Amino acid sequence: MVANREASPPTTAAGASGSRWRVETRTTLSTAFGIVAIAAMLLLALTPFFASRGVVQDLFFILTMLVLAQNWNLLAGYAGLISVGQQLFVGCGAYALFSFVILLGLDPLLAVLLSGVFAALVSVPTAFFAFRLHGPYFAIGTWVIAEVGRLLFAQWKALGGGTGTSLPRDATRDMIGIGFLKETLGLKSAAAVDALTFWVALILLAATMGTMYRLLRSRNGLGLAAVRDNEVAARALGVDAMRMKATVYVVTAFLTGITGALTYLQKARISPEAAFSLTDWTAYIIFIVVIGGIGTIEGPIVGVIVFFLMQNALSSYGSWYLLLMGALAIVTMLFAPRGLWGLASDRTGIELFPVRRILKRGPNHQGTKGGPHG
Amino acid sequence: MAPLLETRGLRASYGDFQALFGVDLTLDAGEMIAVIGANGAGKSTLMRSIAGTIRNAPNDILHRGTEIGALPAPDVMARGIALVPEGRKLFPSLTVEENLLVGTYGRKIDGPWSLGTVYDLFPVIAERRNYPATALSGGQQQMVAIGRALMSNPEVLLCDELSLGLAPIVIRDIYAAFPRIRIAGAAIVIVEQDIAQALKVADRVYCMMEGRVTLSGRPSDLDRSAIHAAYFGAEGHELA
Amino acid sequence: MNWLDTIFQGILLGGLYALFAAGLSLVFGIMRLVNLAHGDLIVCAAFLILQLVSALQINPFIAALIAAPVMFGIGWVLQYHLLNRTLGKDILPPLLVTFGLSIVIQNGLLESFSADSRRISAGTLESASLGIGVLSAGVMPLLTFASAILVVVALNQLIYRTALGRAFRATSDDVATAGLMGIRPNRIFATATGLAMVVVTIAALYLGTRATFDPTAGPARLIYAFEAVIIGGLGSLWGTLAGGVILGVAQTLGAAINPEWQILAGHVAFLLVLLVRPRGLFPRAVD
Numbered sequence: 001m002v003a004n005r006e007a008s009p010p011t012t013a014a015g016a017s018g019s020r021w022r023v024e025t026r027t028t029l030s031t032a033f034g035i036v037a038i039a040a041m042l043l044l045a046l047t048p049f050f051a052s053r054g055v056v057q058d059l060f061f062i063l064t065m066l067v068l069a070q071n072w073n074l075l076a077g078y079a080g081l082i083s084v085g086q087q088l089f090v091g092c093g094a095y096a097l098f099s100f101v102i103l104l105g106l107d108p109l110l111a112v113l114l115s116g117v118f119a120a121l122v123s124v125p126t127a128f129f130a131f132r133l134h135g136p137y138f139a140i141g142t143w144v145i146a147e148v149g150r151l152l153f154a155q156w157k158a159l160g161g162g163t164g165t166s167l168p169r170d171a172t173r174d175m176i177g178i179g180f181l182k183e184t185l186g187l188k189s190a191a192a193v194d195a196l197t198f199w200v201a202l203i204l205l206a207a208t209m210g211t212m213y214r215l216l217r218s219r220n221g222l223g224l225a226a227v228r229d230n231e232v233a234a235r236a237l238g239v240d241a242m243r244m245k246a247t248v249y250v251v252t253a254f255l256t257g258i259t260g261a262l263t264y265l266q267k268a269r270i271s272p273e274a275a276f277s278l279t280d281w282t283a284y285i286i287f288i289v290v291i292g293g294i295g296t297i298e299g300p301i302v303g304v305i306v307f308f309l310m311q312n313a314l315s316s317y318g319s320w321y322l323l324l325m326g327a328l329a330i331v332t333m334l335f336a337p338r339g340l341w342g343l344a345s346d347r348t349g350i351e352l353f354p355v356r357r358i359l360k361r362g363p364n365h366q367g368t369k370g371g372p373h374g
Numbered sequence: 001m002a003p004l005l006e007t008r009g010l011r012a013s014y015g016d017f018q019a020l021f022g023v024d025l026t027l028d029a030g031e032m033i034a035v036i037g038a039n040g041a042g043k044s045t046l047m048r049s050i051a052g053t054i055r056n057a058p059n060d061i062l063h064r065g066t067e068i069g070a071l072p073a074p075d076v077m078a079r080g081i082a083l084v085p086e087g088r089k090l091f092p093s094l095t096v097e098e099n100l101l102v103g104t105y106g107r108k109i110d111g112p113w114s115l116g117t118v119y120d121l122f123p124v125i126a127e128r129r130n131y132p133a134t135a136l137s138g139g140q141q142q143m144v145a146i147g148r149a150l151m152s153n154p155e156v157l158l159c160d161e162l163s164l165g166l167a168p169i170v171i172r173d174i175y176a177a178f179p180r181i182r183i184a185g186a187a188i189v190i191v192e193q194d195i196a197q198a199l200k201v202a203d204r205v206y207c208m209m210e211g212r213v214t215l216s217g218r219p220s221d222l223d224r225s226a227i228h229a230a231y232f233g234a235e236g237h238e239l240a
Numbered sequence: 001m002n003w004l005d006t007i008f009q010g011i012l013l014g015g016l017y018a019l020f021a022a023g024l025s026l027v028f029g030i031m032r033l034v035n036l037a038h039g040d041l042i043v044c045a046a047f048l049i050l051q052l053v054s055a056l057q058i059n060p061f062i063a064a065l066i067a068a069p070v071m072f073g074i075g076w077v078l079q080y081h082l083l084n085r086t087l088g089k090d091i092l093p094p095l096l097v098t099f100g101l102s103i104v105i106q107n108g109l110l111e112s113f114s115a116d117s118r119r120i121s122a123g124t125l126e127s128a129s130l131g132i133g134v135l136s137a138g139v140m141p142l143l144t145f146a147s148a149i150l151v152v153v154a155l156n157q158l159i160y161r162t163a164l165g166r167a168f169r170a171t172s173d174d175v176a177t178a179g180l181m182g183i184r185p186n187r188i189f190a191t192a193t194g195l196a197m198v199v200v201t202i203a204a205l206y207l208g209t210r211a212t213f214d215p216t217a218g219p220a221r222l223i224y225a226f227e228a229v230i231i232g233g234l235g236s237l238w239g240t241l242a243g244g245v246i247l248g249v250a251q252t253l254g255a256a257i258n259p260e261w262q263i264l265a266g267h268v269a270f271l272l273v274l275l276v277r278p279r280g281l282f283p284r285a286v287d
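Protein chains in written order, with this note's numbering: chain A, 1 to 374; chain B, 1 to 240; chain C, 1 to 287.
Since the hints were made in silico from the structure, they are not lab data. One or more of the hints may lead you astray.
Stated by the list, open to error - Calculated lysine to any residue pairs in the SDA-like style (CA-CA distance at most 25 Å, straight line):
#1 K157/A - W261/C
#2 K188/A - R269/A
#3 K89/C - P72/B
Since we're looking at a predicted model, the values are computed, not measured.
Bound-form chain A, shown alone:
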C-alpha cells in the first residue's frame, strides 16, 4: 500500500506554481557509477590471472568482510534490527560446510550453498526467540543465542569438539572446477583454490549488493524504512512489520552463512572460538559499517577500505589497534553518526546508490509560455 506512489508515472501532481514534481530514484551520476561498478567487478574478476596469491587472498578477505558488513547494514541500518550475534550464522555456515564435506563427502562448492541454507534454517528458531526482545535487548539476545551455538558446536566431537578440526587437503583440491583451472590456466592447486573461492566471493558480493539495491528501491524497501522510522505508524499504513523484519533476518542469515562457509573453506581450519568470534564477525563488521556510514550502501564500502588499511598498518600493535577502532567508532557515532560516507555525501550531495526518493521540481514541459506563475 505504502509504496504505490513510487510506481506512478514521474510527472503526476502538478505544483500550484505551474512546475511539476517528479520522484527521482536515480541520478546521472549514479547511472554512470553503476556502469563503472560493473566494469570494476569484471576487472576484479581478472585479478587471479595477474596478481600474486597474497593479493588475491587480501581481496578475498575484503570482499567477504564487505558482504558481512552489507548484511549487518541491511539488518541494523535499514531494518532496525541491531544484532550483535551475527557470528552465529558465520559459525553455523562454517560448521555446516565442514560437516557436509568431512562427514558427508559433498563437493565443497555445493556445500557452501547448502551451508547458507542451513544458516537460514537456524535463523528461523533464532528469530522466534530473539524477536521477543526489543531494541537493546534484542541485541544481547542475539548474542546469547550465538553463544549457545558456539557451546553446542563445541560439543560436536566428530568435528573436533572445543579444539576444532581441519578440512582434508584433497577435499578442496578435488573441488568442482579446480581440475579445469589447473589444466586451462596452468595454476597450482593452492592458487586454483584461492582463485575459485575469490570468484565465488565476488559473485556473492554482487548478489548481496544486487539484492540489497533492488530490495531498497522496491516498495518493500520503502516499507522497511517506514518500519524503522516508526513501526506503529507503518503498521497503521498496512506494512507488515514483523514479516518484513523476519524476511530480512532470514535473508541476511543465509548470505552471512554462505560467507562463513566460504571464509572457512579458504581457511580450511575451524574451531568454535574462531568461527563464533564476536570480535571477528561482529565487532569488526560493526566498525566497518559505523565508520563508513550506517544506512547507506556506499558507507560499508568506504568502511571496509578504511578497516583494511588500518589493519595492515596497525595490526602489529595488537590491542592498541582494537582500542583505536573502538574509540574511532565512538567518535564517529557521536560526531558523525552517518559515518565517513555521510560526511562526504552531505558536503557533495553525491549518492552512488540512490535508494531514497528525491522529490524534484522540474520545468513544466507543456506550458513553457506562461501559466499562473507570477
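With chain A held as given, fit chains B and C onto it using these hints.
Frame of chain A, contents of chains B and C only:
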C-alpha cells in the same frame, strides 16, 4: 522597581515554525492575570518559554529585572517560577504524596506551602495520598498538579489550561482554591480558553492570537466585542 | 542430598549474578540504557581492587571501599560526558557507543595488565566454610549472597524512600516534566550510573575473590547480568535477584550433569523463560 515577571518582545520557535512574535507581558507581585486565546494562539508556548522548557533569548524574559530567557527549566524553577503543565503531567510511577514531594526537588524553602497546607487546600487528595497518581480522577489529578507546583513555594505560579477536559463543577472546585493561593503570596498566570472564567478571576487579561497579544486590560475595561475580535480575529466569524 | 547441595550452591552463585545484574537493571530502569560495557566495567573494577590490594597491602574489602567512590566518579563522568549524548529516540547510538566502549576497556586492560588470569586474595576467608544443617557453604559465597540481598534492599530503599529515588522515578517517567520540578535529568542519569558503578565494585570484589578473571572476562559477565535481568523481568530488583538465582541454579545443575554444560544450561534456562514468559517472571516496568 522592576515587575515580578516581564516578557519583552518574546519570540519563540519550534524549529522553523515561529510560534510567538514579540509578546509583551508584565506580572506584578500579588497579581493574577489570565492569558486567553483560541487553540494555536501561542498561549502554551508562552508558558513553556517562561518556564524554560523552551529556550529563548536571555533578555526576552525577566524575573525581578534579571534576564532568565535562556535559563533551562530547573534554573527557572529554582528562582521560584513553577508551572502546572498542560495535561497535568503527573508522574505515574509516583504516589500522590510522592508527586507532591517531588515538587520541592529543585527548591526547598520555607513558606506557606507544605504537605499539610496543600492537603488542607485540597482535602480530597489527602485521602488518597498513597494512591498512584494516575488512579485519581481528572479533577483530583489537577489538584495534585497544582499542589506539586505549590510545594516549591513559588513566587509565580503558571497554570496552563487547568480546565482542559474537566467538568464545569470540577473546574469550579479548582478555581475556588485560587483566592487562598493568592493570599498566601503567589502571583498567578492562568491560561484559559474559557473567556468567562478568565474574566471572572483575573485582575488583568491578555488576549492572544497567532503568536501576538491582540488585546490586554482589566476585565471591567474590556467590552465583549473587542475581546471577541481579539480572540477570533478582525473578521470575527460568529460562532453559533 | 547431593542435589540439594548442588541447588544450594547454585542459589549462592545466583547472588553473584544478581550483583552483576543489579547495576544494569538500575540503569535500564531509569534511562532505558543498556550498557554493553557493563561487564567490562565489572572487570575494570576488579583490576582496580587488585591494584589497591597489592599497592597498599590492604584487605580486599577495604580496597573495595576505596574503589567504590572512584568507580562512582568514573560512572558519573562516563554518563554525563559520553553516554548522555547518545540518549534519545534512536537506540543505535547508545548501543554502538557502549559496544565501542566495551572494546576500548577490554583492550585497554589487556595493554595495562596483560592477558594473564588474576585473582584477588581474600586470605583465610577463601577456604573458610560454614555448615548449615546438612549443607555446607563457603563463607565467601555466603557473603556474596548476603551482599546481593543487601544491595537490593538498599537500592529499593533509595528508590522508594528518598528524594533522590523520587527524582529517579520521575525522570524515568517524563524527562521534560522532571525538569519543571528542578530535576536536572543529565545529573540524575549520571548519579544513577555512578550508583550502578558502586554496585559494580561490590560485584567485582566477589568476582575477583572467588575465581580468576582476565581482561576479556567482561562480555560473559554482561551476558549473565542480562540473563538475570530478563529472567527476573524488567524494572524489579527483587526480580533481578530471583533471575540471578535461577541462572545460578541452572548453571550448577548443568555442571553437575556434565562440567561442559554449565554455561549452556544457564543459556537454555534463559531461553526457556523467554519462551514461556517473554516479559520475565516478575515484570514491573513497561519497556
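For each hint, the structure was consulted:
1. K157/A - W261/C: holds, 14 Å
2. K188/A - R269/A: holds, 20 Å
3. K89/C - P72/B: holds, 21 Å
Every hint from the earlier list agrees with this structure, and none is contradicted.
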